[in-house]
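2 protein chains.
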Amino acid sequence: MTDPGLLRLYLVTDRNLALGRRLEDVVMAAVRGGVTMVQLREKECTSREFLELALSLKSCLSGSGVPLIINDRVDIALACDADGVHVGQSDLPCDVVRRLMGPDRIVGLSVESIDDAVKANSADVDYIGISPVFSTPTKTDTAPALGLEGIRKITAVSRHPSVGIGGLNCGNAGQVILAGADGVSVVSAIMSAPDPEKAAAGLSSIIFEAGGKR
Amino acid sequence: MTDPGLLRLYLVTDRNLALGRRLEDVVMAAVRGGVTMVQLREKECTSREFLELALSLKSCLSGSGVPLIINDRVDIALACDADGVHVGQSDLPCDVVRRLMGPDRIVGLSVESIDDAVKANSADVDYIGISPVFSTPTKTDTAPALGLEGIRKITAVSRHPSVGIGGLNCGNAGQVILAGADGVSVVSAIMSAPDPEKAAAGLSSIIFEAGGKR
Numbered sequence: 039m040t041d042p043g044l045l046r047l048y049l050v051t052d053r054n055l056a057l058g059r060r061l062e063d064v065v066m067a068a069v070r071g072g073v074t075m076v077q078l079r080e081k082e083c084t085s086r087e088f089l090e091l092a093l094s095l096k097s098c099l100s101g102s103g104v105p106l107i108i109n110d111r112v113d114i115a116l117a118c119d120a121d122g123v124h125v126g127q128s129d130l131p132c133d134v135v136r137r138l139m140g141p142d143r144i145v146g147l148s149v150e151s152i153d154d155a156v157k158a159n160s161a162d163v164d165y166i167g168i169s170p171v172f173s174t175p176t177k178t179d180t181a182p183a184l185g186l187e188g189i190r191k192i193t194a195v196s197r198h199p200s201v202g203i204g205g206l207n208c209g210n211a212g213q214v215i216l217a218g219a220d221g222v223s224v225v226s227a228i229m230s231a232p233d234p235e236k237a238a239a240g241l242s243s244i245i246f247e248a249g250g251k252r
Numbered sequence: 039m040t041d042p043g044l045l046r047l048y049l050v051t052d053r054n055l056a057l058g059r060r061l062e063d064v065v066m067a068a069v070r071g072g073v074t075m076v077q078l079r080e081k082e083c084t085s086r087e088f089l090e091l092a093l094s095l096k097s098c099l100s101g102s103g104v105p106l107i108i109n110d111r112v113d114i115a116l117a118c119d120a121d122g123v124h125v126g127q128s129d130l131p132c133d134v135v136r137r138l139m140g141p142d143r144i145v146g147l148s149v150e151s152i153d154d155a156v157k158a159n160s161a162d163v164d165y166i167g168i169s170p171v172f173s174t175p176t177k178t179d180t181a182p183a184l185g186l187e188g189i190r191k192i193t194a195v196s197r198h199p200s201v202g203i204g205g206l207n208c209g210n211a212g213q214v215i216l217a218g219a220d221g222v223s224v225v226s227a228i229m230s231a232p233d234p235e236k237a238a239a240g241l242s243s244i245i246f247e248a249g250g251k252r
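Each protein sequence line maps, in turn, to chains A and B. Heads up, the first sequence stops at 252 in our numbering, and the numbers go up one at a time, no gaps. Heads up, the second sequence stops at 252 in our numbering, and the numbers go up one at a time, no gaps.
It should be emphasised that the hints constitute simulated quantities derived from the structure, not laboratory data. Any given hint could turn out to be false.
A few chain B residues that don't get close to chain A, going by computed Cβ distances all over 12 Å [stated by the list, open to error]:
1) M66
2) S85
3) S100
4) I114
5) A117
6) Q127
7) S128
8) P131
9) D153
10) K157
11) R197
12) G209
13) K236
14) G240
15) S243
16) G249
Covered stretches of chain A, as calculated for chain B (at least 3 residues, CB under 8 Å) [to be verified]:
17) 54-65
18) 81-94
19) 125-131
Beta carbons are placed, not taken as given, at the ideal position from N, Cα and C, and that holds for glycine.
All chains, please: the whole structure from these sequences, using the hints.
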């Protein structure tokens, strides 16, 4: 991935949190507000539905410059010609993912500890997701919260660009950047916002401001 | 797929039904008993575990002549260099699967109605799974049972080789063949058998005998 700026405000989807609105509508409002990357993460749907959502988002994002990343499913990413894939520690290993995805697409990896981050230094990934920064109701299968201190330690040892994820919102996004992450990843702070465009714009300006102070 | 004989006795796995035994042990006993094809179908595991199981089975089956088919996940099939993939009506569409898998691997498709079977005639698949023949506790998201009459009707309209699946065992396997299917697919009749080798051998001889009577 050429530009770590793409990580600045990284939206991860969850239809269940979209307050009944169409996923595509929430995502595109968020993109208008300043989201720089979108990950489709939908755990509760069939492969067919997942592909249909992916194709629909791919079409919506076309020409926006905002990459579409698919969570976990390399086959869905290949099938919809997504810009990349994001895997966790329980998903396919990075070397397998890179082989299937080819050299040019984005591969992201979640790290849940300093140990994971050190191991990721020898992996051919484009960025790491530091997860979870704070505890979050959005994802129930996560490791213990790493806190801002975890971001400091992990960004200090990692050779990869990084985003923090987990419990992030307007109130703590700036601190995540000041702690060393290149970007902030959110789910509910945008998906469940009454006005996703405004929520994204608010986060975006906080992230910009914090970046200037680093 | 060159030889429809590979469909004769098709084992679909489910670790939860293996009575605590290692999946690989049950599968290899079944292969010794006469299973001709194996599908790894494990819905309740992470992508990493699924791949590890697939690689392990691939290694066990190496040299046996018994193809390994992966359920639903084309990425896992590619990652473990499986012989093929099996998809249902809610999985990736067959044209997408064929494109990702290439022309030489096996692609199987579940059909749940005559309409599905007619549509499958224009799809580039190697076989169809007629599902479910009888109601089954193994799979809870299935369409209504098609019965032996369903097999007769579907095999009459289909241009593809076929296996029946759903509630099949020693007591009805022969009728499935007499109704027109090329093979019988089972889960619990082998996975939960006290002696999987003996269970497979029993089914195999019933299927042979019925094939001779057709």
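Verify this label for me: Q127 of chain B is non-interface relative to chain A, using a Cβ-Cβ cutoff of 12 Å. With a cut-off of 12 Å, Q127 of chain B comes too close to chain A, as the shortest Cβ separation is near 8 Å.
Are all C-beta atoms of chain A more than 12 Å from that of D153 of chain B? D153 of chain B clear of chain A: closest Cβ-Cβ about 17 Å, beyond 12 Å.
Is the nearest CB of chain A more than 12 Å from the CB of I114 of chain B? Given a closest Cβ separation of 8 Å, the condition is violated.
Say whether it holds or is violated: K157 of chain B keeps its Cβ farther than 12 Å from all Cβ of chain A. holds (14 Å)
Closest CB of chain A to the CB of S100 of chain B still more than 12 Å away: Given a closest Cβ separation of 19 Å, the condition holds.
If I take the minimum Cβ distance from S85 of chain B to any residue of chain A, is it greater than 12 Å? violated (4 Å)
Can the segment 54-65 of chain A be counted as covered by chain B under the rule of three residues or more with Cβ-Cβ separation shorter than 8 Å? With 0 residues close enough to chain B, the hint is violated.
Taking 12 Å as the cut and beta carbons as the points, is G249 of chain B off the interface with chain A? The claim holds: G249 of chain B sits with its nearest Cβ about 34 Å from chain A, beyond 12 Å.
Hey, is G209 of chain B genuinely clear of chain A, shortest beta carbon separation above 12 Å? Holds: least Cβ distance 32 Å, greater than 12 Å.
Is A117 of chain B truly not at the interface, in the sense that its beta carbon sits beyond 12 Å from all beta carbons of chain A? violated (5 Å)
Against chain A, does M66 of chain B keep a CB gap of more than 12 Å to every residue? Since the minimum Cβ distance to chain A is about 25 Å, M66 of chain B lies beyond 12 Å and the statement holds.
Per-stretch coverage check for the segment 125-131 of chain A, three Cβ contacts closer than 8 Å to chain B: Coverage by chain B holds here, the residue count being 6 at a Cβ distance below 8 Å.
Figure legend: structure checked against the earlier numbered hints; hints not met, in rising order: 2, 4, 5, 6, 7, 8 and 17.
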